[in-house]
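Full structure from sequences and hints, please.
Each chain, written out:
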Amino acid sequence: MRISLTVNGDAHEADVWEGESLLFVLRERLGFPGSKNACEQGECGSCSVLLDGSLVCACLVLAAQADGHEVQTVEGLAQDGELHRVQQAFVDAGAVQCGFCTPGFVVAAADLLARNPDPNDDELREALSGNLCRCTGYAKIFDAVRIAAGR
Amino acid sequence: MTAPVEKLQLGRIGETVARADAIPKVAGEFAYSSDLNAAGMLWGHTVRSPHAHARIAAIDVSEAVGMPGVHAVLRHEDVPGAPRYGLEFPDQPVLASDRVRYFGEPVALVAAEHPEQARRAAAKVRVEYEPLEPVVDPERATEQEPLHPDRPTAGHGYRDDPRPNVVRSLVIRHGDPDTEGEVSVSGVYEVGIQDQAFLGPESGLAVPDGEGGVDIYVATQWLHVDRDQIAPCLGLEPERVRIHLAGVGGAFGGREDLSMQIHGALLALHTNRPVKIVYSREESFFGHVHRHPAKIWAEHRATREGKLVCIRMRILLDGGAYASSSTAVTSNAASFACGPYSVENALVDCTCVYTNNPPCGAMRGFGAVQVCFAHEAQMDRLAAELGIDPIELRLLNALKPGDTLPTGQRITGTLPVADVIRRAAALPVPEPEELPRDPLRLPGGSGNTTRGQGVQRGVGFAVGFKNLCYSEGFDDFCTARVRLLENGAAEVHCAAAEVGQGVNGVILQVAREELGTDDVALAPGTTAEVGSAGSASASRMTWMAAGAVRTACRAALEERERRGGGEVDVERIYRHPRTTPLDPETGQITGERAHVAYACAAMRVVAEVDVDLGLTRVVWIGTAQDVGRALNPQAVEGQIEGGAAQGLGLALMEEIQTRDGLITNASFTDYLIPTTLDMPPVDSELVEDPEPDAPYGAKGVGEPPTVVSTAAIVSALRAATGQPLSRVPVRVDDIVGL
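Those protein sequences? They're chains A and B, same order as listed.
According to my numbering, the residues represented by the first sequence are 1 to 151, in order.
According to my numbering, the residues represented by the second sequence are 1 to 738, in order.
Just so you know, not all the hints are guaranteed correct.
[To be verified] Covered stretches of chain A, going by a simulated chain B footprint (3 or more residues, C-beta under 8 Å):
| hint | region |
| --- | --- |
| 1 | 30-40 |
| 2 | 97-110 |
| 3 | 117-127 |
| 4 | 136-148 |
[To be verified] Over 12 Å on every C-beta distance to chain A, these chain B residues come out as not near it, computed from the model:
| hint | residue |
| --- | --- |
| 5 | LYS124 |
| 6 | ARG173 |
| 7 | GLY181 |
| 8 | ASP209 |
| 9 | ALA383 |
| 10 | LEU386 |
| 11 | ARG563 |
Rather than coming from a laboratory, the hints here were simulated on the basis of the structure.
All values reported here derive from a predicted model rather than from experimental measurement.
Virtual Cβ for every residue (Gly too), placed ideally from N, Cα, C.
Now the structure itself:
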């Protein structure tokens, strides 16, 4: 089937098999490999994107469900060559190690700060609890979000 | 928590430096092995055994071959070269021929145009199995039919152990193991099977070169050892198999062994098309080795004053179906069984067995994690028996330079055990938080299971150590190549695997330091341009890469000086001090050293436990770690925090569940790893006591936090509950005493 969707503000069309997830279509058909596939079942948050402004796991959304909708991926966070403040804070705080979880974390953290510009520690931990990181133990990820909130 | 750092793109030794790959990683532009594409690319899929142990009667691929989009279906007879491979012993079939020995073992391969076509064709490969009784109890394995009658690990200088299914056994006898103490404590400890659970599943792209050779872009820990295993199976000379490091989504030991490399190359060479293989999370649980589960019987004998006089320990490791690095894990478990303590008499008997359980091999901590859990539980038990403060007991027995280990090796480098104990013990413990409080800060968390009723607090402590670099006579080296260009810029080549730990940053820091310029570029890691770097494991990569790059930089400067200018291009090999094997009969050193050097860490933990429901909350972790010298302090802290998290996972939640050898929880829904809600703040102290043999004095820092944190967390849970908690991960039933 053929679907039309907006990704990071630009219109895209793709011929997809009905069983394909939004994540697969973003990564393999539309050239947006920034969202990662780590668990295929919505446990790890590595594929976090905004679908019409709501944070979702792209692995749990069928591509067909995104037909006619707007998607924002990690690739759309930086504007005019400037990293989003969350992205820059991840760099500065040392919140990136292997980085496989990072795209999902920065999308989720940017979404958190858009909703709640000054989260307390409990709100921060709960908001990011759908994103798994195996490298950092999360300490520097928390640092990064606090830095971004302060900027 | 750390203070925000200044923005730094460049830096020299000892400075906090932002990673060169951080910007592409936060932007989603960094290419991991699963992100690669090529024109005309096919997708590979692996047919895997649904049995833990079975004979293969027949494999029928006829239906699969004719399915839409399918370009190849391969079986064992399609492997043109050696039928078996292995990290250290070639005991593992590329594709099973007559027998499968573990659940998920590769049996056939499919390449198709769409990954779903490949999966559907794989489901149509008909394999006729005759199930065999699986060997699943490691305590009975040495009495059952051998899984490898040809004994792949025999004849390699290990103790000659005639029992069936022994991968390696090692007995260390030190002093008089029959020495009695005035007091004695005993315990039996168990460690479950932990998964590395790196976020980026196994994946890679194999591209045929059109001349019979192949380029493989893959996430791995050691490019050259991959090549040396792959090429013989493809029937190719090593030069025709070029391995290139693709972006690595974490490793932790789980990428030391091969996964899709040979399979992808077989399909690519067969179809003459690029082939990509990406494992699913479920498949990833079958696609790599795990941490050895262990059972440990320990007895500690001491004087009434608390001085250890004799330690006796028996260790049983389940190696699973293939050898992988089990012989080295055996050596490590035995070598560090007594902990970082001075003891004049010891008997350590360690055996690793083959079973039909999931194969085990390298995982962060490598044998030291399991024994640390046991020796630290024993030290707490001894302290309680003697009525001595557990920290004082550890200080009384702490190893120090000049002391002799149970293997007879004298500690010639730094090992500030007493320092790390004192500094961890001095970290201020947070005050108990008042009630009521947000359920997120109570055991049970958002499950909202208590208002504080039944919640008890405990403070625990542990110290541990392990070796740095490869041991027991392994020819461990690292190569670096440095080009100095006429315009003053420099280009460094080193095949060290950047797996997230930050070795690329270390390489650049060293080159800038040695060359006195910021204009340094690091070329991509590949077997095509530079010699082996050795493995990104054993807490060795910083030490070895720093040594190789420093040596090559200095040689390049000398060469330019000698020539009076112009472009120079030099390659140099660095080796650490030579080691020799442990004696197969006594477990004693046969030369000056069996291990190169050591690093230690101490950790203090506060935990709260809902003793009615068996739910836990780790409140705070404080740690002091022997780092030699911190080359990049922020990156060192990151290793400590992440390493502590993996130990927390093993303490509280992480275990691969099996039933008759079949994994029953191969997903992130059922195999839990710590989340943001599970991890407490980590206060870390870096104890800098430079290692004389290490470049710049820097010790590897990745493993010690994982070695010690499981033990420290369970120590806190015992303090909170009064329960023995002799098995990890700790289960609800163990806490409530069912």
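Here is how each hint holds up against the structure:
no. : hint    : verdict
1   : 30-40   : holds (count 9)
2   : 97-110  : holds (count 8)
3   : 117-127 : holds (count 4)
4   : 136-148 : holds (count 9)
5   : LYS124  : 17 Å, holds
6   : ARG173  : 39 Å, holds
7   : GLY181  : 39 Å, holds
8   : ASP209  : 24 Å, holds
9   : ALA383  : 28 Å, holds
10  : LEU386  : 34 Å, holds
11  : ARG563  : 40 Å, holds
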